[in-house]
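Residue numbers (the working numbering), protein chains in the order written: chain X, 37 to 277; chain G, 194 to 693.
Note that these hints are calculated values from the structure, not bench results.
Note that the structure is predicted; figures quoted are calculated from it, not measured.
All C-beta atoms in this analysis are idealised placements derived from N, C-alpha and C, irrespective of residue type, glycine included.
Among the hints, a few may not be true.
No more than 25 Å apart at the CA atoms, straight line, and that leaves these computed lysine-lysine pairs for BS3-like [claimed, not checked]:
hint : chain 1 : residue 1 : chain 2 : residue 2
1    : X       : K206      : X       : K164
2    : G       : K269      : G       : K221
3    : G       : K589      : X       : K164
4    : G       : K504      : X       : K192
5    : X       : K153      : X       : K205
6    : G       : K565      : X       : K153
7    : X       : K258      : G       : K600
Stretches of chain X that chain G covers, calculated by requiring three or more beta carbons in the stretch to come under 8 Å of a beta carbon on chain G [stated by the list, open to error]:
hint : stretch
8    : 136-149
9    : 156-165
10   : 216-226
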Amino acid sequence: MNVTKEEIISKLRQDMIRWEGFRPPQPGTSSDLGLGIVAAAFANGVFPTGAIHEFISSSPEDTAASGGFIAGLVNRLLGSGGACLWISYTRRIYPPALKLFGVDPDRVIFVDVPQQKDVLWVTEEALKCEGVATVICETRELSFTESQRLQLAVEKSHVTGFVLRKDVKKINTTACVTRWQIRPVRSQLRAGMPGVGHPRWEVNLLKVRNGKPGNWTVEWKKRNFHTVIAPQIAVPAKRYA
Amino acid sequence: MPKRFASIWFRHLLTDWKAIRQPGLKGKAYVFAEPDHGRMLITALTDNARKYGVTEGMTVADARVIAPDLQVFDGKPGRNIKLLTGLAEWFLRYTPLVQLDPPDGLLLDVTGCTHLKGGEKAYLQEITKRLKIIGYDVRPAIADTIGAAWGVARCGSEKLIIAEGQHRNALMPLPPSALRLPFDQLLKLRNLGLHQISSFIYMPDSVLRRRFGKNMVLRLHQALGQEAEYLFPLREPVPYTEKLACLEAIKTRPAIEIALHDLLERLCRRLYGEGLGLRAAMLTWYRVDGKNGNITIGTNHASNRVQHLFKLFFIKLDSVAPGLGIELFTLEALSTEAVSDKQSELWSARGGADSDEFAELLDRVAGRIGTKHINRYLPGEHYWPERTPELNADLKKKPESDWRTDKPRPMQILDQPEPVEAMALTPDYPPKWFMWKGEQHIIVGADGPERIEREWWLEPGEHRDYYIAEDESGRRYWLFRSGHYHDGNKQHWYLHGFFA
Chain X
37 MNVTKEEIIS KLRQDMIRWE GFRPPQPGTS SDLGLGIVAA AFANGVFPTG
87 AIHEFISSSP EDTAASGGFI AGLVNRLLGS GGACLWISYT RRIYPPALKL
137 FGVDPDRVIF VDVPQQKDVL WVTEEALKCE GVATVICETR ELSFTESQRL
187 QLAVEKSHVT GFVLRKDVKK INTTACVTRW QIRPVRSQLR AGMPGVGHPR
237 WEVNLLKVRN GKPGNWTVEW KKRNFHTVIA PQIAVPAKRY A
Chain G
194 MPKRFASIWF RHLLTDWKAI RQPGLKGKAY VFAEPDHGRM LITALTDNAR
244 KYGVTEGMTV ADARVIAPDL QVFDGKPGRN IKLLTGLAEW FLRYTPLVQL
294 DPPDGLLLDV TGCTHLKGGE KAYLQEITKR LKIIGYDVRP AIADTIGAAW
344 GVARCGSEKL IIAEGQHRNA LMPLPPSALR LPFDQLLKLR NLGLHQISSF
394 IYMPDSVLRR RFGKNMVLRL HQALGQEAEY LFPLREPVPY TEKLACLEAI
444 KTRPAIEIAL HDLLERLCRR LYGEGLGLRA AMLTWYRVDG KNGNITIGTN
494 HASNRVQHLF KLFFIKLDSV APGLGIELFT LEALSTEAVS DKQSELWSAR
544 GGADSDEFAE LLDRVAGRIG TKHINRYLPG EHYWPERTPE LNADLKKKPE
594 SDWRTDKPRP MQILDQPEPV EAMALTPDYP PKWFMWKGEQ HIIVGADGPE
644 RIEREWWLEP GEHRDYYIAE DESGRRYWLF RSGHYHDGNK QHWYLHGFFA
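Looking at chain X on its own, in the form it has when it is part of the complex (with noise of 0.2 Å):
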């Protein structure tokens, strides 16, 4: 009797999920974005594609660092075909340092609005296209209505959404699944040799739906992230809507 309760349970749990507007995976297409011990964070093991991923940033450095980190999994997605778009409305990514991170700059399409206002609608469009395999907008204010729209969007068309948010002053609540902050840290090379190594940044996985918190080290090396240090995962002190 035990098991079956045990058994309900788990199915309920599942349910929940599911009612939060997490879908598992459509089948044929690999969600597995080589993010290695950091996925065991988000509900069932697995990145939440097709959702709104929201990154925070305070400083050029911060927004480099966030830049590297979303073109890491947009370099995954882009696997399964479909086109990538770009919106910001000051732009200073630099194409080729897209290639580094696995990402062919010539496959992304960069649309640079030139009125503030508009970058949010543009982005909306951009996510209720089923064409498309994912979106990055950078921004500065993403309010919660507006973050909603977005998501509802994501939730028809199932196109991964990244929110790169520069120089934000407050943090408000937003609608996304997760919230992202990463920051560089010093790199590592091995002992006496002179120079930078490879990319490496504190990654805060700050809010996730129906995951756990955490924080790691990650590098990318080798086309791949690579967790340095062993994840101590945050005791979920509080849950985020």
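Got chain X; can you put chain G on it based on the hints?
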């Protein structure tokens, strides 16, 4: 189908126009005069003025002597062209091919148009009647050739419609002035006693050419249909055009949307049947008060999908100002291209960059923010960092070379390198620290220098020595020193980018 042409002769173009503007002048003797060599010469006059013996080319002073109550108005050169252009646009309701025929006429290609009004006679009658109501006195004629129609309209007797193949006979009794000849040639013909076309039509071409020049032979052949002559239409007819006339003037947004949708459906069905798609289209609306306006759209690849084109127009519908109401919409396909009807790939989840959905998305975005803000980069054959990514507007072009991966490049780059204060212990070594925005960054690890020479064939300037520098807290920067170390010349350090 044999060609049929109509020539419309406005017998008193300028004076009729004046009478329309000032109805009190009707039946009066008045003339238009323009200055010429210090005198005022009469350029246009009414029938009543002619009764006094006033003629064109007479000076105003002479005319006043023989006709004391003659009214004189100032003529303006080019006014007749302006009037004719307006009238030619009015004539577009009768035929799409209208050409101005200065100084006082219009030429129409009426092939296949006359049956719409119930035959050629009814066609001409309606034109004359409607122009009479407006106030213009016209003499129209229809014939197989432009030249014959012109001559019959101006010099013909009662019969103004020349049946097919009869234009040669019709021209016979007409005077030589029916052939659109210059004045000196007409004078020469009169002096020779050739008062009718029939008197010289049988002369050999070589004789006519020797005596009167090749222009005379050309005009004769054109009138007889032996030499081709074409109209240069006022407005090029667009091959794919749809019109929607509204029974009642419409002015609400839903009604305009319905009209647009209806037009698009008709146009797209036609294009689909011919395997074509739209690249550019224009919606024009004509308002009750005579004003009109238009909106245009362009697409990235040929499309004949109604929903997509409707969305493109929808973004711009805000600029439609219906005023008191719109009575007519026209939708023109300004450019079309063959469209490849691909079987939609049922099983692939994602379309890719050349899929229809994606092109439609870009069309919508371009409709809102403009095409020039959508960029794509291909690898450029340059070492200079600003030129390595080459801007490319073509979304389908494949790169000709690979992206270089042998040298690390920063994730974020500054549009303009920012000068920083830096200190290097040894020349050609990376700096020990640098100051940027008031913060000191102590450098603990660095790679470099990577010298990048200025492309001197494109622009002058110093070379750059780039360093990848990592500070104490792990932030990675792309710094460069501009130029060589010089005595007395301070080394200039710049920050150019941020590494991931």
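Against the 25 Å threshold, does the CA-CA distance of K504 (chain G) and K192 (chain X) hold or violate the hint? Status holds; Cα separation ~19 Å.
Chain G over the stretch 136-149 of chain X, status - at least 3 residues with CB closer than 8 Å: Answer holds; 12 residues pass the 8 Å Cβ test.
Apply the coverage criterion to the stretch 156-165 of chain X and chain G: a residue qualifies when its Cβ sits closer than 8 Å to a Cβ of the chain, and three qualifying residues are needed. holds (count 5)
Given the hinted pair K565 (chain G) and K153 (chain X), is their alpha-carbon gap at most 25 Å? This hinted pair holds, its Cα atoms lying about 18 Å apart.
Given the hint that K269 (chain G) pairs with K221 (chain G), does the C-alpha gap stay at or below 25 Å? 21 Å, holds
CA of K206 (chain X) to CA of K164 (chain X), is that 25 Å or under? Distance of about 28 Å is beyond 25 Å: violated.
Does the stretch 216-226 of chain X contain three or more residues whose Cβ lies closer than 8 Å to a Cβ of chain G? Since three or more residues must qualify, the claim that chain G covers the stretch 216-226 of chain X holds, with 6 doing so at under 8 Å.
Verify the proposed pairing of K258 (chain X) with K600 (chain G), using a straight-line Cα cut of 25 Å. Holds - the C-alpha atoms of K600 (chain G) and K258 (chain X) are around 15 Å apart, at most 25 Å.
If you draw a straight line from the CA of K153 (chain X) to the CA of K205 (chain X), is it 25 Å or shorter? 18 Å, holds
Proposed proximity, K164 (chain X) with K589 (chain G) (alpha carbon, max 25 Å): 22 Å, holds
Consistency with the previously given hints fails for number 1 only.
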